[in-house]
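Here is what each chain is made of, one letter per residue.
There are 2 protein chains.
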Amino acid sequence: MTTEIIQALEKIVGTAHVLTSKDDTHEYGQDWSKLFTPDALAIVRPGTIDEVQLIVKYANEHKIALVPSGGRTGLSGGACATNGELVLSLDRLNKISKVNKVDQTVVCEAGVITEQLQNTAEDNGLYYPVDFASTGSSQIGGNIATNAGGIKVIRWGMTRDWILGLKVVTANGDLLNLNQGLIKNATGYDLRHLFIGSEGTLGIIVEATIKLTRPPKDLTVMVLGLSELSDVYPVMETFQQQLNLTAFEFFSDKALNKVLSHHDLPKPFDSPAEYYVLIEFENESEQTSETAFSAFEQVLENGHVVDGVISQSETQAQQLWALRERISESISHEIPYKNDISVTPSNVASFLESINTIVKEKYPEFEIIWFGHIGDGNLHLNILKPACLELDEFVAKCKSVNPNIFETIQQLGGSISAEHGVGLVKRDYLEYSRSHEEVLLMKQIKQVFDPNNIMNPGKLIAL
Amino acid sequence: MTTEIIQALEKIVGTAHVLTSKDDTHEYGQDWSKLFTPDALAIVRPGTIDEVQLIVKYANEHKIALVPSGGRTGLSGGACATNGELVLSLDRLNKISKVNKVDQTVVCEAGVITEQLQNTAEDNGLYYPVDFASTGSSQIGGNIATNAGGIKVIRWGMTRDWILGLKVVTANGDLLNLNQGLIKNATGYDLRHLFIGSEGTLGIIVEATIKLTRPPKDLTVMVLGLSELSDVYPVMETFQQQLNLTAFEFFSDKALNKVLSHHDLPKPFDSPAEYYVLIEFENESEQTSETAFSAFEQVLENGHVVDGVISQSETQAQQLWALRERISESISHEIPYKNDISVTPSNVASFLESINTIVKEKYPEFEIIWFGHIGDGNLHLNILKPACLELDEFVAKCKSVNPNIFETIQQLGGSISAEHGVGLVKRDYLEYSRSHEEVLLMKQIKQVFDPNNIMNPGKLIAL
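These protein sequence lines are chains F and H, in that order.
Going by the numbering used here, 374 is the number at position 374 of the first sequence; the sequence numbering is gapless.
Going by the numbering used here, 178 is the number at position 178 of the second sequence; the sequence numbering is gapless.
Don't take each hint at face value.
Incomplete in silico selection of chain F near chain H, CB under 7 Å [claimed, not checked]:
no., residue
1, Lys184
2, Asn185
3, Leu412
4, Gly413
5, Gly421
6, Val448
7, Pro451
Derived by calculation from the structure, the hints in this document are not laboratory data.
On a predicted model such as this, the values are computed, not experimentally measured, just so you know.
Ideal Cβ placement from N, Cα and C applies to all residues, glycine included.
Required output: the full structure, derived from the provided sequences and hints.
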């Protein structure tokens, strides 16, 4: 049977584009979560949308499970093939159109790397503002499938907010051309938004029309040191009320030390601090600088902040950002169990306090790395695997604490997955953030789009 | 049977809140389109979400068709009861919460009037930017059900972009609490976005958490006169490239004269002009004013503009806006057949030209009123009913021209309903903007949410 499948796929894409080696199935079978054992049937790499349609039609007829595969930078196992699935890689669908300067849009195939989109925008005097640590590897299709967020959400929103058109191949091989780049279109259910964030379970995103915007001027970065977790919220409030922030990030001293031990970067300042916030804003005028300084003085006087630094150049701004952005990468070899959780900004204070209590009580023996996009209510709580502990044992221990964390989030009306998606990691916890009725509706919608359950089966919802 | 239904409803909401008089069924049975003969069974006016759930459960059990009813300012017949339906009015669900200043959000029940929301935001130093002619009557629930757009879309987007949470009663009476006001929430299909723009066919929107923003400073308005339709596009390009516009509106001299004959407003300037554009921007600094003046000089020198005026005060800005905003109201007694159509901004030039050709050829005997939100590609083409012509005959004639207009739009990848929705008016034309496959998927989704087809049946999609 496997041989037949391989031959059929080779007929569609050519022999060079069906991969079956152990190295390949291992590589393409997993994402950055590293929590699952890859077990892919093969990898097929179509070069055109037509080929995607042919592959999907074939898979649907033969009930072959498909895993759509982008940059595999996901952290929830959504792009893992752990059950003999066929991996459909979008790598070769990587064409990017000329920028339409009147519409301020660009058309990207699913396999375009995020950074390539950012650079294309910049080359045309424009800006694609969705930004996160993995932009050098993540692909547009995957960003859309998970509605990627990142570090600029408080100012520019999520991936969803930048998608004006979407081409999707559904489970029967049909190609949908949704919204066609229109700003205004009130012609019924907006299926585009159903596919955004659906994690490959409803169809395969093959192309998107993406909105761009004017680039920000003189982005200026401050890093402030805090002694207590309870200082984060008043600092956030002070700065948000006075400035139009483009980012408000948070990280712990432990997180900073992980970065400093892996990268040759200067410490932000000498004073010891338990926690840090990184604040970014557009330095539009002298008045903006003055406002920022006065806000800094205010939090310093109130005792919420122990020290701080403000970037004097673009290079320094980038170095300060690196302290925050390289955390994930610096801890990745320690196989962190990631809690990517959120509440509304006004609930951040009680959220941090509650989570801290749980962590202290339940994880006394583990190293905990805190960071997050706290300006939009999103916290990343990373529990590091001790070298001595087996992966299974470590995951089991983390899982045993999940209900405590998730119940707290449920009580605060928050999300158990702010931006990483559900994938395999959060699937069995979905009802902490979505009601039983919602999950039932999601299952029925899945059934409408994918009656044979070939589209990333087992991810997001258990059928 | 009717008596039984009335009694059951009276048990739920009290006798005072079930209306059955001819005046009431007439009033509540129609919207502003005035193209359909109202025929409502009765009107039920629940005062709480619980009551909405009980009514819907009862209707679902007895297979009674429901028409959710807000301000009935719609222009597509989406809120008309023309077939003995029970009208479920959200009028009494009109509570608005305190503004949450940290989150910059407010919780509105569905029956809150748009203007009330705008005023509440203003009282709190904030801004709700979705604005259109009917804000004094339209309700938030209806705005969401149709994803209302209006005059500020190029800067602030559609209603969709401001909805952080949504409570919806589905056909079986379940209450869904979607997204709970969160900025980041990656936990599966975003059903919130499926309900936005679904025109009451999937469930009844009962409450929303709405995002607010900082108010704009010194909104300044220019009105420019143009001799030719072909001048609209170069003027738009010139201003959009140099300024961050908050509005770019278009109207014809005929439209202006309708307003001036109904309202005591000054003409923008004395020079005769066939067409006008209204441009609005935030006058952030002296430099902005200079840029605006130099753009004006440029289009004047190039011969695209014959004259212009710039507002010198807020009152004058409002008077200039009135010239554009009062068009709909000034022509409403002439029962306009409305084409609410859009393309991408870069297609506006060929779009205007093609539509003009069709109109000249197909409607030589009718009075045509052009206006629209041309900055986002949205044109309102109004054909006025001659007094001598019967409504049926007039509508039949307009319908006979629809295919010509819609085929042109289809070729340009545009939308046959930019912001009014599909309702009854556009239902049979849906496939000009949505593929057959998309419409099939929409029908199946409708089936998932509303298996007995009691939710606004016959609107949006023909089952």
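Query raised in the report: Which hint numbers does the structure go against, in order from smallest to largest?
Result: 3, 7
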